[in-house]
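There are 2 protein chains.
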Amino acid sequence: MPDPSSPPLGTLFAIGGAEAKLRRREVLRAFVEAAGGAGARIAVVPTASSLGPEVVEVYRAVFATLGAAEVVALRPESRAEAQDPALAARLADMTAVFMTGGNQLKLSAFITGTAFGDAVVATHRRGAVVGGTSAGASILAEHMIAFGGSGSTPRQRMSQLSVGLGLLAGTVIDQHFAQRNRYGRLLSLVAQSPSLLGMGVDEDTAAVVSGGTRLEVVGRGAVTLVDGRHLVSNAWTAQPTAPLLVSGAALHVLPAGSSFDLATRTLIGHHTAVADVEVQETRAAEDDLRRLASEIAAEGISPTSYARHLRRGRRGAQSG
Amino acid sequence: MPDPSSPPLGTLFAIGGAEAKLRRREVLRAFVEAAGGAGARIAVVPTASSLGPEVVEVYRAVFATLGAAEVVALRPESRAEAQDPALAARLADMTAVFMTGGNQLKLSAFITGTAFGDAVVATHRRGAVVGGTSAGASILAEHMIAFGGSGSTPRQRMSQLSVGLGLLAGTVIDQHFAQRNRYGRLLSLVAQSPSLLGMGVDEDTAAVVSGGTRLEVVGRGAVTLVDGRHLVSNAWTAQPTAPLLVSGAALHVLPAGSSFDLATRTLIGHHTAVADVEVQETRAAEDDLRRLASEIAAEGISPTSYARHLRRGRRGAQSG
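If you read the protein sequences in the order shown, they are chains Y and B. Going by the working numbering, 68 is the number at position 68 of the first sequence; the sequence numbering is gapless. Going by the working numbering, 466 is the number at position 146 of the second sequence; the sequence numbering is gapless.
There's no promise every hint is true.
Unchecked claim - Simulated DEER-style distance windows between Cβ atoms:
id, chain 1, residue 1, chain 2, residue 2, range
1, Y, Pro240, B, Ser370, 35 to 41 Å
2, B, Ala384, Y, Leu51, 38 to 44 Å
3, B, Thr586, Y, Ile268, 27 to 33 Å
4, B, Gly433, Y, Arg23, 47 to 53 Å
5, Y, Ala146, B, Gly490, 49 to 55 Å
6, B, Arg477, Y, Ala64, 34 to 40 Å
Unchecked claim - In silico negatives: residues of chain B with every beta carbon more than 12 Å from chain Y:
id, residue
7, Glu377
8, Arg445
9, Leu481
Stated by the list, open to error - Non-contacting residues of chain B with respect to chain Y, defined by C-beta distances greater than 10 Å in every case (computed):
id, residue
10, Gly356
11, Ala358
12, Val376
13, Arg380
14, Ala412
15, Arg446
16, Ala498
These aren't lab readings, by the way, just hints derived from the structure by calculation. Glycine included, each C-beta is placed from N, C-alpha and C at the ideal position.
One chain only, chain Y, in its complex shape (with noise of 0.2 Å):
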C-alpha cells in the first residue's frame, strides 16, 4: 500500500472519451509529451473495455505514430490476476499509464485495492503520469461515479458512487459530459456529498492536474466544475427521482487554456490558447506550398521525395 502522506507527484490526464485519434490529436499528443515524448514508455490498461486487442491496437498505433518509445499492453481480467506481483511489476519501469474506456466499475472491481492498482498508485507517486479516457478518466478519482441517468436536472438517486483509485481526492469525475447531458447526475452525486468537488469533462477533452492541484484544459471541449461547499440541498431527504434542491453551488467552465487551483477551487487563469490548431496547420500548409514553390522553381523534384520531404517537415513542426 503506497503511503498515502505523501504527495501525488505524477501528471493527471483525465480524458472525457472520445479523444482524437486520427486528425488534430492534441490531448494524446500533450499525454505522450508529459509521459517523456521519444522516451516515454507507456502501458495501456484495456480492462474497462469489452472490446480485446483491438482497442490495444488502436492505442499503440496512436502512442507510436506520436513518439513513443514502448507501449505495452497490461489486462488483469480478474481481481486474481490483478493480484499477480509479476504484473504489477511490470509498470516499475513505465513513464506513464493510460487506462481505456469501458465500464469503470470493472476497472473498480478488478483493480482498486490489489497490487497492480497499488502499483498504479505508486507509479503515480513516483512521478510517472496515469491517465485515463472515459471509464477509465473516472478510476482516477477517489470517489468514483459507477452510472447513473443522463438530463440536466438533479434527481434523487439519479446516479451512484463507487471506489477509484484515489489518486484525485475529494474530486468525482464524470466523462462525455456535454455530448451525454450529465449535468443531472453530476450535481446529485455534489448535492449528496457536498464536499466533493464535481467535475465533468467534454469528449476531446483532458483535465491535466500536476502536483496533485494545478487543473490544466486541454483539447476541444471544456472542464466543468461544481463546487459544492456552500450549497443547500434537499438530497437527505428527497423522494426516488424527484428532482433535487441545489442552492449555492459554485459552476466554473473552463475551456482549453484554462488553469485552476483544485485545493482553493479557484481560478488561477486563462490564456486564448494556442490550441488553435487550424491556425497553425494552415501556416503549416502555406509554408509547404512556398518551399514547392521555390523547389520546383531551383529544380526538378520526384512526387515521391516531395511528399517523404513533407512528411518529415511535418514530423519536425509537430514535436516543437
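Fit chain B to the supplied structure of chain Y, relying on the hints for placement.
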C-alpha cells in the same frame, strides 16, 4: 407607456413548455387559481404559434375544465394589428394573459413596444397574472433569448438576445431547459452579460414570480438559476464557436416547493412539497373505493349517479 417607476404587482408565470394538459395539470391549475379561479377571465395570446385556432381551442378547453369563467383569444398577427387600440382595450377587464409557445421572435417583433404590448405590461402592473409557456415564457423578460444551439458547454455566439416585454428585469428566461440540454446557451448569455440572472425552466414546470422578486416553483421539473455577478469570462474576446470560460457563477437548481429572492439572489426556503400528486391521487382513489363499498353495502346505486358523485367529490378535493 406604463410608468416604469411603479413596482410590478401581478404574478408572472414563466412555464418551460409541454405543461400537462390532461392529467396532473399542476401548472395550469396554479395559473387559473392565481388568475382568480372561478372568477378568472383569461386572454390567450397565440401569436407565437404557427398553429391557428387549434392551440386556442386546447387552452380554452383546459382553462374551462379548470374552472375559469371566461377565455378569449387575442391574436395580433402583425405589428400594425398590435397597434389597434380596440384590441389593446380588450385586456382591460381580463384577470390574466396567457401567451402560447411557438416562436418568441414573433412576439418580440409583433408585440413588444406596441399598444397591445404596452397593454399587457399595464395589465401586469394593475395586478393581473401574465404568463406564458415556452416562447410565451421567454418574452416576459427584459432581455429575451431569441434562439440558440443545444449542448451543455457554452460556446461563443451560441445564442442571441432580443427585446422582450420587460416584465422581469435583469433576467433572461430559457425554457425546455433540461429536455433540450440548454445549459450551454444560457451560460453563454450570462457569460456575455454577467449582470443578467439566467433562468432555465424545465418542461411542465413554472417559475412563478410575485411582487417582482419572489420566485416560487410549481410542477414536475426544476428552475435552474445562473447568477453571473461574480463570474470571470473570456466571452468578450473568444473565437466564434470556441467553448467559453465561465468561472465563479453561482448555480441554483430549484424544484417544486422552493422559494427564492430574485433581488438578493438567495434561497428563501424549500418545503418537501405537497407536489406529491401521486400520493394525493392514491388517497383519493382509496377514498373512492371505500365510499363505493359503503354505498353498495347501504343501498343500490346506479353507475351514472355514482360517476356524478365522484366528479363532485374530486372537484371539492382539488380546490381545497
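Next item on the list: Hints the structure violates: just list their numbers, smallest first.
Entry: Of the numbered hints, 2, 5 and 16 do not hold.
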